[in-house]
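One line per chain: the protein sequences are A and B, in this order. The numbering of the first sequence is numbering that gives the first Met the number 0, which starts it at 0 and goes up by one. The numbering of the second sequence is numbering that gives the first Met the number 0, which starts it at 0 and goes up by one.
Worth flagging that the hints you see were computed from the coordinates, not collected in a lab. Nothing false has been slipped in among the hints.
Calculated pairs, DSBU-like style, for lysine-lysine (alpha carbon to alpha carbon, straight line, at most 35 Å):
#1 A/K255 / B/K184
#2 B/K136 / A/K356
#3 B/K255 / B/K113
#4 A/K158 / A/K363
#5 A/K375 / A/K356
#6 B/K136 / A/K119
#7 A/K429 / A/K375
#8 B/K78 / A/K347
#9 A/K396 / A/K113
#10 A/K405 / B/K100
#11 B/K213 / B/K136
#12 A/K347 / B/K27
#13 B/K184 / A/K347
#14 A/K119 / B/K74
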Amino acid sequence: MRRIKKRVLLESQKLLSKVNFLNIGKLTIKEAADALQNKEISVIELTEKFFDRIDNIDDKINAYVSICRKQALADAAEAQALINEGGGGIMTGIPMAVKDNICTETIETTCASKMLGNFKPPYTATAIEKLRNDGAVLLGKANLDEFAMGSSTENSYIKNTRNPWDVNRVPGGSSGGSAAAVASGQALFALGSDTGGSIRQPAAFCGIVGLKPTYGTVSRYGLVAFASSLDQIGPLTKTVEDSAIVLNSISGKDPKDATSIDSGIADYTEGIKRGVKGMKIGIPRQYLSGEIAVGVRNKIEAAIDSYEKMGAVCEETSLDLADYAIAAYYIISSAEASSNLARYDGVKYGFRSSNYKNLLDLYKNTRSEGFGAEVKRRIMLGTYVLSSGYYDAYYKKALQIRTLIKNEFDGLFKKYNCILGPTTPTTAYKIGEKTDNPLEMYLGDVFTVSVNIAGIPAISIPCGNDESGLPVGMQLIGSAFSEKTLFQAAYAYEREHPFAIAPEVQA
Amino acid sequence: MNYEVVIGLEIHVELATKSKIFCGCTTKFGGEINTHCCPICTSMPGTLPVMNERVVEFAAKAGLAMNCEIANFSKMDRKNYFYPDLPKAYQISQFDLPICKGGYVDIEIEGKTKRIGITRIHMEEDAGKLLHDQWEKGSLVDYNRCGVPLIEIVSEPDMRSPEEARAYAEKVRLILQYTGVSDCKMQEGSLRADVNLSLRPIGQKKFGTRTEMKNLNSFRAILRAAESEIQRQSRVLDEGGVITQETRRWDDDEGKSYAMRNKEEAHDYRYFPEPDLVPIELTDETINKYRESLPELSHERVKRYIHKLGIPEYDASLITASVKTADFFDDTVNSGADPKTASNWIMGNLMRLMKEVNTEDIPFGGEMLHELIGLIEKGAISNNIAKTVFAEMFRTGKTPLEIVKEKGLEVVSDAGELGQIVDKIISANSKSVEDYLGGKQKAIGFLMGQVMKETKGKANPPMVNKLLRDKLELLK
Ligand SMILES: [Zn+2]
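Using the sequences provided together with the hints, build the complete structure.
Here it is, written out as structure tokens:
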């Protein structure tokens, strides 16, 4: 009896030391939750540790645009009280970062735009509400491309976020702040939003796990709309299991979002360890040909071999419409954006130009001065494709392609449990490398956008590093509501190839 | 030249739901500025609309009452334009798949029935209101109306005179009121019409170029605007000019219209499907349920009143001209009143009082009128007193008995009390007494009148008559 007790004590001391003295960058939600429930560390201590880390390194990374220390410590105390009473769950006391286009009551929600620089929403997004109800602690709001438009977070009006693997490189985007925060150990997980790859691509660039859930799985209420029919909130985490844990918390039908759906899945972690034996995985040849970096291709090919070794059946297949996805995506997303962003007119909230004599001036100058170049580009593009005379040639055509892409995926999922490919054609590029060529940057979304167009789920997980030591992301795509299959497949790979953590950022 | 006028109407009607179309805010008229709104109807970033199912039900019922086909599948669309009263900078409306299509309404014009086609009925949200404060520089916006549910009823170009346009608008209003989907309160702007009008030489098949007159908020304005536009267009055509396709604004005070914008300047609304809402799917079962729950409409009530309640056709059509008076009539009869007596009261006293204060509302129920009629029949008050009581009921909403008691209006039937008054009148009117005694029977009428005057109408008339005759007999 005494010996057993002693062993438990030793074990917990070991854990304690792990939490206290090892790199909290390695800590997962699962481990932190165990440590909190076993009282090896208090929620306040854990929260303070993260704030210390933010204080020490975020001036190198620039992941956060705002920090809510006071509220976080209050929430932490509440979470600790719950744990002390023997209550709480796996999310209780877990520190998180949230992309700054997801509304938080009384906390500025800027969308990294001058337009909303002073905007404090009078309400909180459903996804955050759910996490906070489950006890998660919001550390701060993460940087992004202005209004989530971009793939490098360089379109932020506030600052450039840097990739923790190489601070001279972009973290990806638009959820670049969220990805960099998790990869550099400044949050245990983060929420991002994914309209055309904005969770998966930064997850790939930063070497973490990013999930774009099936459209409707997570309520969009409180997510500042970019393209309503494509936007979806999802988690950025260090492990596959953590991704499923966060999805458990944030998913579900929301009466405030008519497009949200009850998937009927009670626990996304259930069956996650079943392995991939007998699983059929399709590899579209379009995803491994063309403009794809050698370092990326090598890692994906190695991953395919690994899956076969684990007992999956990998088969080459074809996604013929992949070539049309980018064009359809930029037409549909820009069309919706042009309408969604029309409300920023200087009348009600946010920025208003001081330079106007009449209503037209007020509109024109507010929008000219308040929006950045990329946002304006998309608004103009979107307005154009919806205009009478052009609607049929662009918007309507794009919708037709959308239907065809959905059908093509449906066909593939009759044969395969999931589809595998790279998340991005390259690893993280240098800051400033692509800012002069928007089209080149758009083409970086080639593997991610069709997933949003079809409304299906996809997960990006790390699959090694390229010759420069930068992480490569592998994307697994599934049919609608097949998140559990994706987690199962991703988890199997992760178990064989534990993910590397970003090198320590020098304070 | 003689022209034939072609008119089509677009009628915007506010639905009588308690809450707004996409949020829980009240639709109540008035209220302090910007108090009937929330983050959703003021379109704060990140908020989403959720369709109020009652709006769909009301729109479908309006369509059914106007003989439309109800779509099993329809959707909402965005109509994009900038204006400060439109906080999203788009209005959620319906473009190519409206909820109702292809109906009709029958109107009575010069004693004949004419059928006016309904092209479509669609749902949409109202906008806010700009306020121009005299003390503030610039304008302010009140978002209370923002998100109030509307339907737009688009007619075929089937009307051929301003009178037909007016009759159609009135009929649409009546149907909506009976269906219970709208109060159609004109003073509160809950019914507004756009008049599309063109002229063509008599005999010509092809339509002329039309103009659109916006936002007419009374039947009189519809009539006058159409008349004025006919004159304007005939003048242009007679002088050899051409009509420009344009939108015009009617100034009801001046009785004139002004060009607002022509076809080239027309908005490009860039309609596209609203991605924040799911399509509206109505099964045949639901549509049938709506159909079965439609209340009795005006023409059905006219029939019932004539055939079941036995009141004249004239009465029936007058009473059913407003759902409020028809409901009141039904209540009165259902509480036990005689239908013809009830209809007389409604057509006479009630309608006069309603007209005097220009209201469509009746401040008490039909059972109150039944109570009043009961008091007359019992002999507790006279017919004349009853009219006074009724006016008081209308003013205060009090019950007839309360008013009679409070004001002491009960008939005086006390023989001793009346005897004294009769004696007083006889001694004060010796001339009439002499006439009567001299054989002029009519003189008794004057004496009766004097007694009634003295008692302020409260004396029991048969009793006064008997007392007078008896007392005069003694003088013979
Ligand atoms: Zn509201």
